[in-house]
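Asks: Below are the chains, spelled out letter by letter.
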Amino acid sequence: MTDEAPREAHGTAPAGGGRLRRRAGRVGYLGIVVLVYVYLLTPLVIVVLASVNAGEFLTFPPEGFSLRWYVSFFESEAFMGSLFFSLRLAFFATIVSTALGVAVALYVVRFAGRWRERLRLFILLPLLLPEILTAIALLFFYYNAEAFFRAMGFDLGSGVFRNSVLGLLIGHVLITLPFVFLGISASLYNFDRSLEEAARSLGASRLTTFRRVTLPIIKPGIIAGALLAFIISFDLFNISLLLKGIGIATLPIQLFDYVRWEFDPTAAAVATVSIVITVIAILITEKLVGLRSLRF
Amino acid sequence: MTNSVEVPAAGGASASGPARKGWNPTLFLVFPTVGLLAAFLVFPYLNMVVMSFRNPSTSQVFAPGFTLGNYLDALLDTDLYYLEILLDTMVLGAATTAICLVLGFPVAYHLARTSSRFKSVLYAFVLSPLLVGVVVRCYGWIIILGNNDGLINTTLMDLGIIESPLALMYNTFGVSVGLVHIFLPFMILPLLGAIQSIDPALEEAAQSLGASRFRTMLRVVFPLSLPGVQAGTVLVFVLTISSYVIPILLGGFSVMIMPTLVVQQLMDAMLWPFGAALAFILSIAGALVVYVYFRLTSRAIRGIA
Numbered sequence: 010m011t012d013e014a015p016r017e018a019h020g021t022a023p024a025g026g027g028r029l030r031r032r033a034g035r036v037g038y039l040g041i042v043v044l045v046y047v048y049l050l051t052p053l054v055i056v057v058l059a060s061v062n063a064g065e066f067l068t069f070p071p072e073g074f075s076l077r078w079y080v081s082f083f084e085s086e087a088f089m090g091s092l093f094f095s096l097r098l099a100f101f102a103t104i105v106s107t108a109l110g111v112a113v114a115l116y117v118v119r120f121a122g123r124w125r126e127r128l129r130l131f132i133l134l135p136l137l138l139p140e141i142l143t144a145i146a147l148l149f150f151y152y153n154a155e156a157f158f159r160a161m162g163f164d165l166g167s168g169v170f171r172n173s174v175l176g177l178l179i180g181h182v183l184i185t186l187p188f189v190f191l192g193i194s195a196s197l198y199n200f201d202r203s204l205e206e207a208a209r210s211l212g213a214s215r216l217t218t219f220r221r222v223t224l225p226i227i228k229p230g231i232i233a234g235a236l237l238a239f240i241i242s243f244d245l246f247n248i249s250l251l252l253k254g255i256g257i258a259t260l261p262i263q264l265f266d267y268v269r270w271e272f273d274p275t276a277a278a279v280a281t282v283s284i285v286i287t288v289i290a291i292l293i294t295e296k297l298v299g300l301r302s303l304r305f
Numbered sequence: 036m037t038n039s040v041e042v043p044a045a046g047g048a049s050a051s052g053p054a055r056k057g058w059n060p061t062l063f064l065v066f067p068t069v070g071l072l073a074a075f076l077v078f079p080y081l082n083m084v085v086m087s088f089r090n091p092s093t094s095q096v097f098a099p100g101f102t103l104g105n106y107l108d109a110l111l112d113t114d115l116y117y118l119e120i121l122l123d124t125m126v127l128g129a130a131t132t133a134i135c136l137v138l139g140f141p142v143a144y145h146l147a148r149t150s151s152r153f154k155s156v157l158y159a160f161v162l163s164p165l166l167v168g169v170v171v172r173c174y175g176w177i178i179i180l181g182n183n184d185g186l187i188n189t190t191l192m193d194l195g196i197i198e199s200p201l202a203l204m205y206n207t208f209g210v211s212v213g214l215v216h217i218f219l220p221f222m223i224l225p226l227l228g229a230i231q232s233i234d235p236a237l238e239e240a241a242q243s244l245g246a247s248r249f250r251t252m253l254r255v256v257f258p259l260s261l262p263g264v265q266a267g268t269v270l271v272f273v274l275t276i277s278s279y280v281i282p283i284l285l286g287g288f289s290v291m292i293m294p295t296l297v298v299q300q301l302m303d304a305m306l307w308p309f310g311a312a313l314a315f316i317l318s319i320a321g322a323l324v325v326y327v328y329f330r331l332t333s334r335a336i337r338g339i340a
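Residue numbers (the working numbering), protein chains in the order written: chain A, 10 to 305; chain B, 36 to 340.
You may find that some hints are simply not true.
Simulated pairs of lysine-lysine, DSSO-like, Cα-Cα distance not exceeding 30 Å [said to hold, decoys possible]:
#1 A:K296 <-> A:K228
#2 A:K296 <-> B:K154
#3 B:K154 <-> A:K228
Below, a sample of chain B positions facing chain A; criterion: calculated Cβ distance under 8 Å [unchecked claim]:
#4 M83
#5 W176
#6 T189
#7 V280
Here are a few chain B residues that sit away from chain A, every Cβ distance over 12 Å (derived from the structure) [unchecked claim]:
#8 S87
#9 D108
#10 I120
#11 A130
#12 I197
#13 S199
#14 S278
#15 A335
Source of the hints: derived by calculation from the structure; they are not laboratory data.
Quick reminder that beta carbons are idealized off the backbone N, C-alpha and C, glycines included.
The whole structure should be built from the sequences, with the hints applied where relevant.
Replies: Structure, rendered in structure tokens:
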């Protein structure tokens, strides 16, 4: 490893046995590091391999190449339906949480004053609370809200929140909002205010300044936050599980139901497609703004 | 700034004074979000507290009236069934956290100190499990660990090393493999931040004074990265004790922990008040553990600083 070269060079040569022990320790340390990377990546690689394997079960060595599980995926109405539903849901959740995130990040960084820290914490709350608890709380709340409206004489139809896209969308926006907020506020903190002042003093209106100066500068933060929001919403599980209405299942839910009872590699094809969608989103982020701007 | 008269908040930080007097247009920026969080996060959580004191019902999700019975049923159960599950959950959380720390520390240290040109690729590897859905990752483990047709079992049987398949899934082992895998990035990222902020000269000093590499790690790097250790361990512990998908997919119902139990009560038994009470018992127990841990470790961190 290149990082070791300088230290090895100026280190005083210890006695022979010590050097051997150090070498062994070094190999052990790098061995653990490599094993952990293998451990992290193996399941993902295995899923992809299983999806193009001809046999019912992945064996070693594989039985040959086949795209039949993809055919079975593309022919499955349930999977295709949930794939497009998930993409649509993630798209709308991203739009809403990005719009809210830009506005609230501007406020927190620029105008919040002494409320800044408290407000920041409040917006990050959905990230700090366990997702499963938030999902349960929303399920109860939607049920009670529907009952409340019914009691007040507004019959909105059964399950206006629980069995509809609206309730699910609100849940997804809650969870994705903190990520968008973090991305955008990070780029706002590193922002040189004198650029805006220059634009204003040259006669640009407030709106023009925002559109032509502020927005282009914070664009990387917005893009990184929005793409992360898209990925997170696309993969969100707990909220979707507890709030899934009759007949609405996102891709992760559909996959979950499938792999619990069926073991054929159609699920691997579905999982691979979902990995590919995530990778595309990451590559777009990397291309546009660099992966480093994904802050956690 | 002359225009600070028409829009009081234009002056930035100084605007918090006049903002209190009149209607401030910049509040339009913050109202939608705060409104959304108040209506669909704060209010639902309060509602969940109320739900946990509701009377149970057999025909509906809850009956009118309030009771302490849900909490008492869970805590005073004569078989200690629920308390045992709670304890199992905490033990699983602690074990997962410890394994993540042991595996994550070398990786974080390596990533922090390497000057390899593949550094950003390695960084992406660490992040990658985080960005792929949890169901997909569990499914990968199901293919590998499967008790009858899993990759490990079929391979070992084909090679004649074992006669009958090993039980790798639907037990604590399988669940731990999945949990550690999925939460490891949450350990590595805070550790990475902490280790990167340690001056490498300190390690060189320790080694030039004769400390072995291992001793340097133990006595210099690890103590200085304790804030990262604290953040990572709390994060992994909280995530583990509230995880549902991984235990259910890799453990089935044979590894019963609190989140599985809660969802079972809510979705299958339709006992909403009891499920809510169980969820709060888990939250309070988890918060207590984290609080005590925080107090203890913060003292250790102060002792070093």
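Asks: Kindly indicate which numbered hints from before are broken by the structure, ordering the numbers from low to high.
Replies: 8 and 14
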